[in-house]
Amino acid sequence: MMRGSLALFTRGLRVDCRRWPMHLLRFLLVGAFLFFLFVAWANSRLEIGTAPGLMFFSLISYTNFVFITLAGTSFFTSSITEEKEEQTLGLLKMAGVSAVGILLGKLGPRLINALLLLAIQYPFVQLAVTLGGILPRQIQATYITLAGYIVLMSGMGLFCSVVAARTRSAVALMHTIIWMPLLLQLLLWITRSSGGTGPLMQAAQDRVGWVSIWSVVGRLQSVMMIGFSGGAVGIQFYAHLVGGAAAFLLAWLCFERFTRQPHTPGPERGGRLLRVRGGLRLRALPMALFVVIPGLAIVFLAFSWFRGDLQNGFDSVPHEWVLWESIGLAALVPLGVLLVSVLSPGSRRGAIGGCWPGVLAPAWKDLNFVSGGAIGLAFRMTLYSLITAMLVFLIDFSGASWSWTTLGGWMLGIGILAGTMELASNIGRGFRTEIQWQTLPGLMLLPRSVAALGWSKVLGGILALIPVGIFTAIGASLFFTSVWESLSSPFDSSNPETAVFVMMIPLQMGLHLILFVELSAFFALTVRWGYVALAFISSFFLYVVGSWGMAMVMMIVGMRTRGGPGGTLILSQLTTIVVLSTMIVVTYFGIGRKLRHLAGQS
Amino acid sequence: MNDPTPTGNPAIEAMSPDPSSGMLPGDAVAIDVRDLNHSFKNHQALHQVNFQVMPRSLHGFVGPNGAGKTTALKLICTLLQPQSGSVQVFGKDVLKDTKAVRQQIGFMPDHFSMYRQMTVTEYLDFFAAAYGLAVADRRTVIGDVLALTDMDGRADSPINGLSRGMQQRVGLARVLINDPDLLLLDEPASGLDPRARIELMEILRALRQMGKTIFISSHILSELAELCDSVTIIDRGRVKYTGRMRRLLEQNTESSMYRLTIAEPQERFEERLLGLDEVDSVTRVEETLEYRVTCSSQITSANVLLAAVLNLEVPLESFQKDLRHLNEAFMDLTEQGVR
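Line order of the protein sequences matches chains A and B. Just so it is clear: in the first sequence, position 345 is 345 by our numbering, and no numbers are missing. Just so it is clear: in the second sequence, position 327 is 327 by our numbering, and no numbers are missing.
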């Protein structure tokens, strides 16, 4: 067992050393640390805050946390699935390597790499002590916390990798598992911050302690507090060690069960439902929505009118009806899609003429076969309807005062975040699958320009955002009044600098989102997995350096030249916009160049 | 440039296929490759490559692994851009008229690159739509290509569930969807069982009869010899031969071989044959009545040898010139060694 395991271990270390994305990640991490050092120095120059060491170390710690969470989901989840996808797992078994040998041999190098990445930082972050505001014991406790988190992530990633057939499924499963506690924490925070006194509020208060045992953020917060007197090893570390070991054990127990059948390489059609049904018609979704949404609205309005609730305007409509409307939507949309699909003529699978003509054909393909088609859209409609219902439930029934604006704000925020992630994932996957299944040459040989093909694929990804688009639009319309107020107030003020500054914020955010999506597409053409995480980290790094760094530089320059920060903030923001725009243009042409190169290579 | 005869390049003219074969007035050469060079980093994949493919011909493209076949195919089909030299398809330059060239070609790569999550019809419908065919035309064209490739019974099957041979047929159907004049097939028979291979060759014959120009790269030399009108042999990025297939198989500088069969056994027949002035050696094919006769020099014509054999007064059943196998020509022209 040991010989096979060691062979795998050595090979794993060598392969990881040759992977350039790993070096890019390390480079980004080093770049981030240098930047944080600059921020701490700039803060001390500007006399913002009193503990530059604490600030420097906090930034490093939370970056490490985000880094481990994002990179860990891709890094550990491919350990076994990559062997499944390359159909080499059977060969390893035939070579006499036991299940535990394979698991140790595959996970070991990755875990060592991740821990080494953490360990190498340790001597350098001692600098924070000399900057002031942090003690060596706090640094020790932080790194132990993060090491425990890596162990937990590696164990869970391995389990997902064993259970899933493909890396993509493993990453999805891993995300579901790790976001659940975070979502739970978020929900608890919402209920606590809403100030309610309902039974849910009490239940939330009771659960906070239990959840915080597992919480890395909670542990980091307590470690960073001035006057921290706890031990270097907290209960979170032990909990994560036990969790990681349990996940490893579970992966071992499940190994034979989930690797017995050889993996058949080939793209998925878009979920089990599609395979069972054989493909539901895409046009069924708008038809179903066209019937379901007005239908539900009419029912509720009629009922409201019958009860006399509408006499005092829209605000007097009982808000719990939103809950029932959302639940109704969640249940009826998939049902409507199914019914329309079955009842509409020519619903036979693969009927000729279904594909959109000309340059729109790749958009049709990606929408149907990458983003899940009608079933995928209906599923997402259900998901976002349930999220709305959950928000209403939490805001209303936690005992807090009800507000349409609060609901709209949450919906808008969640919608923008989820929509961006969905778009990056859809577009990235659209390109990745072409590389993975070597279908790019066929696509590139169509008598269209590379730009037209690329934009068509982007369109496919955008169209899959219909559910989150509806969700965000509803949120925006509910939030409209306060948004309008916040946008219009700067224009009313006598200070034109403020108006320009406010105007630039959404532009800068929009550009940043575009860059994130573009980077996802670019990295999808470059790395096998983890392209969304890599894009997130890269664009976050660029954004932080671009906006924050420029702001710092300009403020220092402003202080030296004019005696205060003043309008230099606008100049710094303008510089950030120029930098982001340049990056967008460079990445755009980089994608085209990469596509041409890959088509010639495959 | 459209006229294939006066190239001005002696290397091409010496090796060019017979221009009269398959050419109609106003026809452009299907593929015209001139002084083509291409390299990847430090590796020179193609070195001064020249060859032409006549329209409506079936042209084989043969070479050992790593000879540069796939690179040449990708340059012709516009997936790669020539670094120096030129490639023209039906008189259109692949660099300048890329879109027009793409409309006229269908390229099938050597790997099974398909959207395997689709059904056969969905797959073909996607490409038909992408080429801009109207819905009514799509129905007709898809029906036709499915019938041609004998896949009409599996139109609704997911591609993932099809055998390798069937997937290759779907790939061929996809290539035909835009009714291209030139088909570029990279190892279409690799990985197929004998039946699937033979059936594929039958489809190619049918396509050639329909007036398509087919440029096929393959390792299965015996089938290429039967199928192709002309051939280009490439080795280590250099063209070793390009021209008519028959001329390649007849080429032998040192000796000519003939095959003759007699109707009934004759005593000391081998010795009598060896006694002829024209004959250098005789081999009997196992225990049959067939003999292989090697003549010492090219000067001996078939008629002279036949007259000499008839003078021996034996009942002759058949007499024919024995062509070399393509394998032999291939081995003679290419160098040994792993690429």
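Derived from the structure by calculation, the hints contain no laboratory data. The beta-carbon is built from N, C-alpha and C at its ideal position, and this holds for glycine as well. Accuracy of the hints is not assured; some may be wrong.
[Stated by the list, open to error] The following residues of chain B were derived to be distant from chain A, with all beta-carbon distances above 10 Å:
#1 His111
#2 Asp125
#3 Asp152
#4 Ala302
[Unchecked claim] Here are the simulated distance ranges between beta carbons:
#5 Ala302/A / Ala136/B: 53 to 61 Å
#6 Ser403/A / Asp137/B: 51 to 59 Å
#7 Ile505/A / Asp156/B: 23 to 31 Å
#8 Gly230/A / Asn42/B: 53 to 61 Å
#9 Lys99/B / Ile466/A: 31 to 39 Å
#10 Asp150/B / Arg257/A: 36 to 44 Å
#11 Gly66/B / Pro136/A: 23 to 31 Å
Status of the hints after comparison with the structure:
1. His111: violated, 5 Å
2. Asp125: violated, 5 Å
3. Asp152: The claim holds: Asp152/B sits with its nearest Cβ about 12 Å from chain A, beyond 10 Å.
4. Ala302: holds, 48 Å
5. Ala302/A / Ala136/B: 53 to 61 Å: violated, 46 Å
6. Ser403/A / Asp137/B: 51 to 59 Å: holds, 57 Å
7. Ile505/A / Asp156/B: 23 to 31 Å: violated, 53 Å
8. Gly230/A / Asn42/B: 53 to 61 Å: holds, 60 Å
9. Lys99/B / Ile466/A: 31 to 39 Å: holds, 33 Å
10. Asp150/B / Arg257/A: 36 to 44 Å: Check passed, 41 Å falls within 36 to 44 Å.
11. Gly66/B / Pro136/A: 23 to 31 Å: Since Gly66/B and Pro136/A have Cβ atoms about 60 Å apart, the given range 23 to 31 Å is violated.
The structure does not agree with the numbered hints 1, 2, 5, 7, 11 stated previously, though it agrees with the rest.
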